[in-house]
Amino acid sequence: MANMTFSAAIDRAVMEAMAADECVIIMGEDVHMLRSAHYTRFGQQRVFPAPISESSFVGAAVGAAMSGLRPIVEVMLVDFVGVAMDAVLNHMAKIETFSGGKWTCPLVVRTACGGGYGDGGQHEQTLWGMFASIPGLTIVVPSNPADAYGLMKTAIAHDGPVIFLEHKLLSESWLEFLGRLGRQTVAFDVPAAGAQGDVPANMDSLPFGQAIVRRTGNALTIVSLGVGLHRALEAADQLAEHGVDCEVIDLRCLQPLDARTVIESVSKTGRLLVVDEDYKSCGLSGELAAIVLESGLSPHYARVCLEQTIPYARHLEAEALPNTQRIVEAALRLAAGEKQRDV
Amino acid sequence: MANMTFSAAIDRAVMEAMAADECVIIMGEDVHMLRSAHYTRFGQQRVFPAPISESSFVGAAVGAAMSGLRPIVEVMLVDFVGVAMDAVLNHMAKIETFSGGKWTCPLVVRTACGGGYGDGGQHEQTLWGMFASIPGLTIVVPSNPADAYGLMKTAIAHDGPVIFLEHKLLSESWLEFLGRLGRQTVAFDVPAAGAQGDVPANMDSLPFGQAIVRRTGNALTIVSLGVGLHRALEAADQLAEHGVDCEVIDLRCLQPLDARTVIESVSKTGRLLVVDEDYKSCGLSGELAAIVLESGLSPHYARVCLEQTIPYARHLEAEALPNTQRIVEAALRLAAGEKQRDV
Amino acid sequence: MVELELYKAMVRARAFELVLAEFWEAGAISGEMHLGTGEEAVAAGVTRHLRSGDAVSLDHRPTPVLTLLGVDLQLMLAEMLGREDGLCRGRGGHMHLFSKTHLAASSGIVGSSGPLAAGFALTAKLLRPGNIAVAFFGEGAMNQGMLMESMNLAVAWKLPLLFVCKDNQWAITTRSVDVTAGSLLERAAGFGLPCQEVDGLDVMAVAETAGDVIGQMRKNPQPFFLLARTSRLDSHQMGDPMRRMAQHPVGEGGKTFGNVTKHLLAPRGSGPVTRIKSLMHLLALLGDSRKDVREHKTDPLFLTRQQLEQAGQDTESIEQDVARQMEQLVDSVQVDSPAGGAHGKHDL
Amino acid sequence: MVELELYKAMVRARAFELVLAEFWEAGAISGEMHLGTGEEAVAAGVTRHLRSGDAVSLDHRPTPVLTLLGVDLQLMLAEMLGREDGLCRGRGGHMHLFSKTHLAASSGIVGSSGPLAAGFALTAKLLRPGNIAVAFFGEGAMNQGMLMESMNLAVAWKLPLLFVCKDNQWAITTRSVDVTAGSLLERAAGFGLPCQEVDGLDVMAVAETAGDVIGQMRKNPQPFFLLARTSRLDSHQMGDPMRRMAQHPVGEGGKTFGNVTKHLLAPRGSGPVTRIKSLMHLLALLGDSRKDVREHKTDPLFLTRQQLEQAGQDTESIEQDVARQMEQLVDSVQVDSPAGGAHGKHDL
Ligand SMILES: Cc1ncc(C[n+]2csc(CCOP(=O)(O)OP(=O)(O)O)c2C)c(N)n1
Ligand SMILES: Cc1ncc(C[n+]2csc(CCOP(=O)(O)OP(=O)(O)O)c2C)c(N)n1
Ligand SMILES: [Mg+2]
Ligand SMILES: [Mg+2]
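Chains as they are written, first to last, in the working numbering: chain A, 1 to 343; chain B, 1001 to 1343; chain C, 2001 to 2348; chain D, 3001 to 3348.
Honestly, I wouldn't trust all of these hints.
What the hints assert, rightly or not - Here are the simulated lysine-lysine pairs, PhoX-like style, with alpha carbons at most 20 Å apart:
1. C:K2277 <-> D:K3158
2. B:K1102 <-> D:K3100
3. C:K2158 <-> C:K2219
4. C:K2100 <-> A:K102
5. D:K3277 <-> D:K3262
6. D:K3100 <-> C:K2158
7. C:K2262 <-> C:K2277
8. D:K3158 <-> D:K3219
What the hints assert, rightly or not - Which residues of chain A face chain B? A partial, calculated answer using Cβ under 8 Å:
9. D86
10. S133
11. F208
Source of the hints: derived by calculation from the structure; they are not laboratory data.
Cβ coordinates follow ideal geometry from the N, Cα and C atoms, glycine included.
Chain A with its partners taken away, still in its complex shape (with noise of 0.2 Å):
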């Protein structure tokens, strides 16, 4: 058992694989500096620092990878995707069907997501919700160091390519480099549980697709990820004073998704609250909407999300993104109204 950031975990795991596999390697911009210790460790034949290029360097780790090698591909920041989207949704996605099954493309999108530190919209976004609606692609949102240690060996051995998305907020090293810098005279509405924690010694990897209860509850299900799963815990504390007993669900993947967890709570508590990050509009919460109708399910539901462009100031950015209070409103509205209707 030791206990770590969640950045920590996350370059532990990428660490132990790179010394377990030499095809494993990282490429990136800046990957020497912001993996310093892989790169001193493994050298420029594991470790490439990559031009401001993404579309060709993302686009080239699809060719590595169904060649035989296991890359890492660092995007910064999950904004940048859009200049490399065409490698994501034309190429890493679409090659074992296109190939009939008979060529993968083991790889891995590493990027880091997510507000709440005031860097604009441009910086800020989550986007899993873009990528989970591409077939072929397996989406990964941990929430805490020892999911991320867990996914992030499962995706490096995975034979198919992962988006791996490393929230910032949590991600210590990101947010040091992007929001503090140093300063003291800032703060940030950091997680504790899900910025530093235990990964058992004894880990290996986490399988896809299976969500996790976080805290159990008869009244009303909140199914979330990421940041967002760490807000729905901190209101449903505050929803357990107003005598709202919260089941919490922290769905880690977004593909596969584990649909059975999010059913079995719903038809138990007759209620869903969604609480994602990511942009409202034909997104998760809208997934989520159709998953429990399509299983026959018929909750009251409701969702809290980010539905404009994040807004830069930091009070209206706080307002943009789910927090607490609109979390605690949104459920307390749902739970005022009648017990699930039918089941």
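Take the given structure of chain A and dock chains B, C and D with the ligands to it, following the hints.
Using the frame of chain A, we list chains B, C and D with the ligands on its own:
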């Protein structure tokens, strides 16, 4: 009143807008040929054939729009927006917010989408759900010539960015250019009422965000758009024979989305079937589920969507895309469930 | 004897293209069909120097190179017929032919062969020293950012990547020179790429240059840019309007211009000079498009055959031999239903 | 007298950057802060020749140019404080400063100033002949596909677009030369762009070249590529590890290397030569990063002041004058709460 093809209706709307306002320009690959009529009439000062450089010419359209022009920028197939996604995601959609509402970006991205002619998974996507997830964009998907004409007029006059999706199976010129190519030996399942139709002489623009009920019924609401709408109408005819009386709604826009029309219908029928040619996960079909649940309804729900990378083989393609048979089967299953549980 | 071998390779590649054309015309192959007719000399000249472990990335005209790499023709044809026993189980189709055995992949996204080959080359460098990767693409793709980026990447990372630009001067209906600034060689050289131009209609010239370059790359991993003039004998794609226009100038030409002339005189618009200029441009393009098809001098097969015949070589037996193979290939395939017809069973 | 005016412009730009640094340090400005210190000569030399109707697109260091274009400093500062009365009502922030009045836009996506300016230039050409557009970007951005594409586009479409590459040799922690192949001038020239290199620390040199070039562009719309060496006086961004390392080599250096040395000897990995090579590379980068900050000779302000003083000009009064203006600016702004504190009211 004039009877014309879907593509001719769009071309006419563009032609009229260009004649009325010299700020309206066209840019894109091969537009001298694809829009040869516009090119002949307005010349090289208004119609700009572009290199195969989508990320720069779509980005240039943003700059052109911000500085006084009203560009219609053509990306041949929506699949190719992958290489220009940054301009869409991080620029055109965000300028208005970033500038505090002081600067707008009046442009139309005109792009062909959709499958059904055997061109494979990198050329037949629709991706409208992906665009609709991005705040700041208007997303238009017409299903017939009159709507296409009216919505294109509105799009060109609109002061923000509009993604205008032209389904290839409705668009005679694209289908001819990509699918038939002069052959008499291939057949496509073209919805006649969508590919050709009357455009009222006095018609001008058609407001965004107005869905329309194409067929009234009491047993089940089918919501669709584009080619899916026609498949749904065909299915509804068959379903009527089975005694299932369907209401069929044509969304026409994904953003803004006319929730009211959908909710009104579903509150009547208690059953919602979404027919969406876009990917199933985290897309429009889920969004509609969320919208009805949010409104307090709890309908029986199902969806017929694209669930995989589109396979090349025409018989596999036909199964992968929402087809009439799949719609009928899903509707029959829905109809067999008990009537709406409560409202 | 090398020449005859190369010629045979070209004849074989051409023959397969023509088989595809036939099936496509018959409606048994769906979608767009971009033939590689006119590129055979480049395909033959380069692939002759490739060996096991080398990787190639291809664009929307993948078949000549795949044919010459030795990918099973029957598997490819079955793939394009959309059959379960096809190369990619009918999932990929003409623009997405993949053979893992040959480390060969294709894509319909213009320019994407650059980044893909950069990845192939990286693997070669790290895991299979001495192997190389080749990216094939058209001159139109030279304007796609990801391809340019990959040129920089290949030089910066010293990748054994051969960029082969097949310059047929056209991108669909666009004369590439009209939208491409500077010269392609200077553009590539601007990335620090060693470059060479070669006559892509002359298979021996291609083979010689490619041999030299690839030999060097195997010893000392670094990229190279080869610019090869080719031709587009069957227009952009089977059955496209310019191809039809070239075949039936009057009928198709008239049809294409009905729309245009109507608007030549429409009120409101540009002045007459601009309009005439546009019209002349369109007419010139349609005229130009007929050249490649009509003139033997742009056909690499014709040129090579001429050279060989002048040298007293027997080319006829090669042609007959390949023709027979193709007949067998066609005979062995039964098409139950055209692509556009009923979507019934597709068995062998 | 032109020199003094230019110097004043530079002093003003620098002063505003330092005001921002102060507010940022105090926690009143959030997120990343990329100062433009070291770029003032380029900003001053180019903007001096711009006039109403010209448009500029900027990267993540937008403030010097905006300051010199005459954008209200108070509005900009208020914007960065996230206030409703800011330039963009607090929605944009430091990397997304927009002034429609000045036709000036910025973006945090590296390379995106190229396409945007191409659009600006197209409008200028069509609607405002004689006007031009300018794209500012760093040498790191030269590897971004969309920027390269826009160079081709600008030449092909004959756009009045001045590309200004501010070559400070760094992209975050990367020496750009390590990942950039060929020479930047040759790369630009490869697109058929007329090019010129200029000492970007010498404001008169920049102003002269820019004046000539822009004058020509107004008469005859076509693009131009200006390569200007600049420096990065405050590292990549305020407070980044390399900046801290430069300021406190021992403390920060030690911290940075704790992690690294631990893995220098870890079992399984590369051989010792490779490891030492990596370590040396990192050490060299950290060492290099201190140069710009410490050496006056890389500071355009210092250099210009020296030149002027040698010519007997009075630079002091300019400095004092600007300093007073900045004090007033700072005084006029009340910061109720730092960006990281309570999200309370933000009134003037
Ligand atoms: C990114 C992208 N943009 C546009 C297209 C449409 N397209 C297909 S082929 C082609 C022309 C390619 O020209 P070139 O690279 O010269 O190859 P050629 O067809 O001449 O062999 C275009 C524009 C595409 N497939 N991908
Ligand atoms: C597309 C994209 N990739 C990566 C980044 C992260 N990033 C921000 S600034 C920067 C370095 C830019 O270098 P350069 O263009 O030389 O400008 P400089 O910072 O040196 O002024 C990088 C990589 C980004 N903002 N956008
Ligand atoms: Mg070409
Ligand atoms: Mg730089």
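Hint-by-hint comparison with the structure:
| no. | hint | result |
| --- | --- | --- |
| 1 | C:K2277 <-> D:K3158 | holds (18 Å) |
| 2 | B:K1102 <-> D:K3100 | holds (7 Å) |
| 3 | C:K2158 <-> C:K2219 | holds (12 Å) |
| 4 | C:K2100 <-> A:K102 | holds (7 Å) |
| 5 | D:K3277 <-> D:K3262 | holds (16 Å) |
| 6 | D:K3100 <-> C:K2158 | violated (45 Å) |
| 7 | C:K2262 <-> C:K2277 | holds (16 Å) |
| 8 | D:K3158 <-> D:K3219 | holds (12 Å) |
| 9 | D86 | holds (3 Å) |
| 10 | S133 | holds (4 Å) |
| 11 | F208 | violated (15 Å) |
Hint compliance for this structure: hints 6, 11 are not met, and every other hint is.
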